[in-house]
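Peer 1: Residue strings, one per chain:
There are 2 protein chains.
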Amino acid sequence: MIINTPKPPYYAVIFTSILNEDPKDYEEEAETVLNLAQSQTGFLGIESARDVLGISVTYWDSLESIQKWSQNTRHAIAKKKGKTDFYKAYRTRISKVEREY
Amino acid sequence: MIINTPKPPYYAVIFTSILNEDPKDYEEEAETVLNLAQSQTGFLGIESARDVLGISVTYWDSLESIQKWSQNTRHAIAKKKGKTDFYKAYRTRISKVEREY
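Chain order of the listed sequences is A and B.
Residue 1 is where the first sequence starts when you use my numbering, and the numbers rise one by one after that.
Residue 1 is where the second sequence starts when you use my numbering, and the numbers rise one by one after that.
The reader is advised that the hints may include incorrect statements.
No copy is singled out in the list; a pair is fine if it fits within one copy or between any two copies.
[As the list claims (entries may be wrong)] Simulated pairs of lysine-lysine, BS3-like, Cα-Cα distance not exceeding 30 Å:
| no. | residue 1 | residue 2 |
| --- | --- | --- |
| 1 | K96 | K24 |
| 2 | K7 | K88 |
| 3 | K68 | K83 |
| 4 | K68 | K7 |
| 5 | K68 | K88 |
| 6 | K96 | K83 |
| 7 | K7 | K24 |
| 8 | K7 | K96 |
I should point out that these hints are in silico values taken from the structure, not numbers from a laboratory.
The structure displayed is predicted, hence computed values, not measured ones.
Work the whole structure out from these sequences, hints included.
Peer 2: Here it is in structure tokens:
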């Protein structure tokens, strides 16, 4: 859903992806990783949608929190699986939210 | 689809929305506005997905280009329609993309 983020500045990680056909265990893995992300320091929330393209935007309080999460061991396993098993194509963009309305 | 954006920095406008049930003329209006956006100076591309939530991310070369687009007369009409007719809820976030991979 649309989440309530604090007054800017804060950070948004825009993850855009196209799934392989029938990616085995994807839903399960996505849920595991989302639950883990939600427990990280500095995690503010997630908004996501998928039709042909999938877009997940996670919001964070700082670049430091994003970096810590990117180095999380379980997250690293998920990213590897994503690369080899789940995604036909994907892109990650790290951005600083300057205004919100 | 996943678009090729230039080397950062550049800007991303993250527009998150929930549609009303059966919003009249929405598809038509969305197409008109998208076509117009694509003709604006500094427009780099769009990525969008919708299931329950809709997320559209438009990419721009600068804040100036975003500001010009926000002041476009036809765009203003569309935003008014969006507010009154199309969206149950929405949020716009303007962010500066600092890294991409």
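Peer 1: Broken hints, numbered, in rising order?
Peer 2: 1, 7
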